[in-house]
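Chains A and B, in that order, are what the protein sequence lines are.
For the first sequence, the residue numbers in our numbering are 1 to 114.
For the second sequence, the residue numbers in our numbering are 1 to 114.
Hints were generated in silico from the structure; no laboratory data involved.
Mixed in with the good hints, there may be bad ones.
[Said to hold, decoys possible] For lysine-lysine, the following DSBU-like pairs were computed, each having C-alpha atoms within a straight-line distance of at most 35 Å: (1) A:Lys-1 - B:Lys-57; (2) A:Lys-71 - A:Lys-101; (3) B:Lys-57 - A:Lys-57; (4) B:Lys-57 - A:Lys-101; (5) B:Lys-71 - B:Lys-11; (6) A:Lys-101 - B:Lys-14; (7) A:Lys-101 - B:Lys-71; (8) A:Lys-1 - A:Lys-57; (9) A:Lys-1 - A:Lys-71; (10) A:Lys-17 - B:Lys-14; (11) B:Lys-11 - A:Lys-71.
[As the list claims (entries may be wrong)] One side only, chain B facing chain A, incomplete, derived with CB under 10 Å: (12) Gly-3; (13) Asn-7; (14) Met-89; (15) Cys-92.
From the three backbone atoms N, C-alpha and C, an ideal C-beta is built for every residue, glycine too.
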Amino acid sequence: KNQVEQSPQSLIILEGKNCTLQCNYTVSPFSNLRWYKQDTGRGPVSLTIMTFSENTKSNGRYTATLDADTKQSSLHITASQLSDSASYICVVSLRMDSSYKLIFGSGTRLLVRP
Amino acid sequence: DTGVSQNPRHKITKRGQNVTFRCDPISEHNRLYWYRQTLGQGPEFLTYFQNEAQLEKSRLLSDRFSAERPKGSFSTLEIQRTEQGDSAMYLCASSPPTGTNEQFFGPGTRLTVL
Numbered sequence: 001k002n003q004v005e006q007s008p009q010s011l012i013i014l015e016g017k018n019c020t021l022q023c024n025y026t027v028s029p030f031s032n033l034r035w036y037k038q039d040t041g042r043g044p045v046s047l048t049i050m051t052f053s054e055n056t057k058s059n060g061r062y063t064a065t066l067d068a069d070t071k072q073s074s075l076h077i078t079a080s081q082l083s084d085s086a087s088y089i090c091v092v093s094l095r096m097d098s099s100y101k102l103i104f105g106s107g108t109r110l111l112v113r114p
Numbered sequence: 001d002t003g004v005s006q007n008p009r010h011k012i013t014k015r016g017q018n019v020t021f022r023c024d025p026i027s028e029h030n031r032l033y034w035y036r037q038t039l040g041q042g043p044e045f046l047t048y049f050q051n052e053a054q055l056e057k058s059r060l061l062s063d064r065f066s067a068e069r070p071k072g073s074f075s076t077l078e079i080q081r082t083e084q085g086d087s088a089m090y091l092c093a094s095s096p097p098t099g100t101n102e103q104f105f106g107p108g109t110r111l112t113v114l
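Extracted from the complex, chain A is given alone in its bound form (with noise of 0.2 Å):
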């Protein structure tokens, strides 16, 4: 089954301070992963999107990491500010055809405080 799993569910942390946030996914074929930041009552926007190829990506203070072998991806937030308190969603697009599906896992909401 096409999954996607984020932990943790929940994370609150200090302004300044970083965090990472985990991403399991059991999804094939794959194409590729993306992180989405949603804050409260507003659509996702995008902040990464990575292939199969790629380790890493960063997007100013927030770098992803990918291993494609494991099947995990984290996203590294640096140097927090209270803007960044969202929920930050794992996507995974899965190929078919000629068409895309995407897999989303269930968010991590992160509250930061100052």
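Starting from the known structure of chain A, arrange chain B on it as the hints suggest.
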């Protein structure tokens, strides 16, 4: 603003009423997706259009749900005889005809069924 737009942003209705949501994708994006998201969960796929053709429907899309994209541009999602379990955020996303199928999400429509 050239992003995906959705209207209305919020809808409160009584059980048994019909509701219709609209999604305007990014120009030249031929693929359009509808998702449903409940609190604390990732988005769940509902249906997918390529141009005006509805190519895939999830089993979540019961016979009370219908989606259209008559001219291959904007799309509507109608829910008939709403139930309390329909309360959720309904997200629309679009993607271009080529590339990695990166999906750009709209802000969503929050439906509350009383």
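_Hint numbers contradicted by this structure_ = 10, 11, 13
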